[in-house]
Amino acid sequence: MTNIAKAYIAGAYEHPTRKAPDKSVAQLQAECAVGALADSGLSRDDVDGYFCASDEVGLGPLNMIDYLNLRVRHIDGTDMGGASYLAHVAHAAQAIAAGKCNVALITLAGRPRSEGHSGTMPRAAVANSPDAPWEAPFLPATVNMYAMCAMRHMYEFGTTSEQLAWIKVAASRHAQHNPNAMLREVVTVAEVLASPVVSDPLHRLDCCVVSDGGGALLVVRPEIARSLKRPLVKVLGAGESMKGQMGGDIDLTYSGARWSGPVAFAEAGVTPADIKYASLYDSFTITVLMQIEDLGFCAKGDGGKFVADGNLISGVGKLPFNTDGGGLCSNHPGNRGGMTKIIEAVRQLRGEAHPAVQVPNCDLALAHATGRLLGSRHGSATLILERE
Amino acid sequence: MAERKFAAAPVNPESAPFYKAAAENRFLTRKCTACARLHWYPRAICPFCWGTTEWQEIERTGRIYSYSVMRRGDPPFAIAYVTLDAGPAMLTNLVDCDLDSLRIGQRVTLVWKATDGAPVPCFTPL
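Protein chains in written order, with our numbering: chain U, 142 to 529; chain E, 101 to 226.
Since the hints were made in silico from the structure, they are not lab data.
Where hints are given, some of them may not hold.
[As the list claims (entries may be wrong)] If you want a taste of the chain E side facing chain U, the calculated C-beta under 8 Å gives, among others:
id : residue
1  : Pro110
2  : Trp150
3  : Ser166
4  : Tyr167
The C-beta atom is built at its ideal place from N, Cα and C for all residues, glycine as well.
Hey, can you work out the whole structure from these sequences and the hints?
Here you go:
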């Protein structure tokens, strides 16, 4: 491996709550920050960089840095929807390499369950968003903008609802071991197909949970990571991209992972075949399938065959994924799943996943996220992490 | 089942001429004065070469590229991308049809749906 270690993930914390009607979003963020610091062994005064996405609490980092009363010298409010937190890790590593900070705190929290937000509601048009005049009247929600991708994938490649259902089945097999998971019941392909269709061809069980909660990470300079008592999780490679409608040249069969993945693999000096565990964004089953193809775990169009028959189940298949139960079964805090994707990858690399789903000798993991709407415009971010 | 009431599009100075033409039953997009390509959604700067663009009336027909019927809609409705015969694909709704009979590749034609403001461009199977 040719790259120079820029930074390590030295602290990771997932809030155990899935429903928090009696807490504020900022409070949840702060509890996550406290949890990540305790996990790492660092103290509040060590934090000199702060990252969060922009739309969670007013002006994002400004409001949260004030709430936490931190004095930082590096601030990043990059917002790529649910993919933000993977970009934050990459940006933190870059900032550390450039000497801009030593200990970067990244937080996420949200309460869509308590506040009554779900993926079947039309997305509110944002003032001055250039696409709003051309899209708002047609009621793009979250689920129908992913469903159109599934519909086209089925049309072009013969992908089936049974194949998509295997992704949920695998997530549920993992979630049964996670005491904090919202849905711990193991489901079958038949049960996924028997659940009501929300937006053709996606069934209710093709969709992720809506949960309150959050998480936090600490990305630190290599010397600091080595001074701590936690296993060393190195940021080995990162890539990010954005895919939109390309002026009307619509192609819903692939995601921005096609571009962010190769950048991350090249920086890490590894290939998809080297990956022992993958955290893949699972807002919907189709999201997982398209990312698997676009990241190069199989050829384009073969994702349906790849995910079938338990190939994503830890201890059973070739590519164990989302061993915490993922967004499909465990947690999708703030409707932004990137944070929990990184946290479960860190658990796997530390050997701290649940023993029933821990991948043996897990020394190389990938985390990938798709933020906002797969069917119109989305951010993609890929991280490759290594245990030293 | 209740008839769907369409909301007017939020309009800004760049999109206003489209919706003014819509009220006159003219369907427009913009064409680049440099590279001559049409694009969607319409914008002042060409998304392919950043040349300047101008409005052009275009054909009202196309094919369904993809769609999804939102069964949880009240009432259920079909969102879609339609690839226009003029070239670009656009986000829209499929209307005035049996939602269970839709299919990718189907030929469709423009239908203006009334709102409290300017009508919005939807499509229906031919």
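Outcome of the hint check:
1. Pro110: 5 Å, holds
2. Trp150: Result: violated, 11 Å to nearest chain U Cβ.
3. Ser166: This interface hint holds because 4 Å falls under the 8 Å limit.
4. Tyr167: For E/Tyr167, the interface hint holds, since the closest Cβ of chain U sits about 6 Å away, which is under 8 Å.
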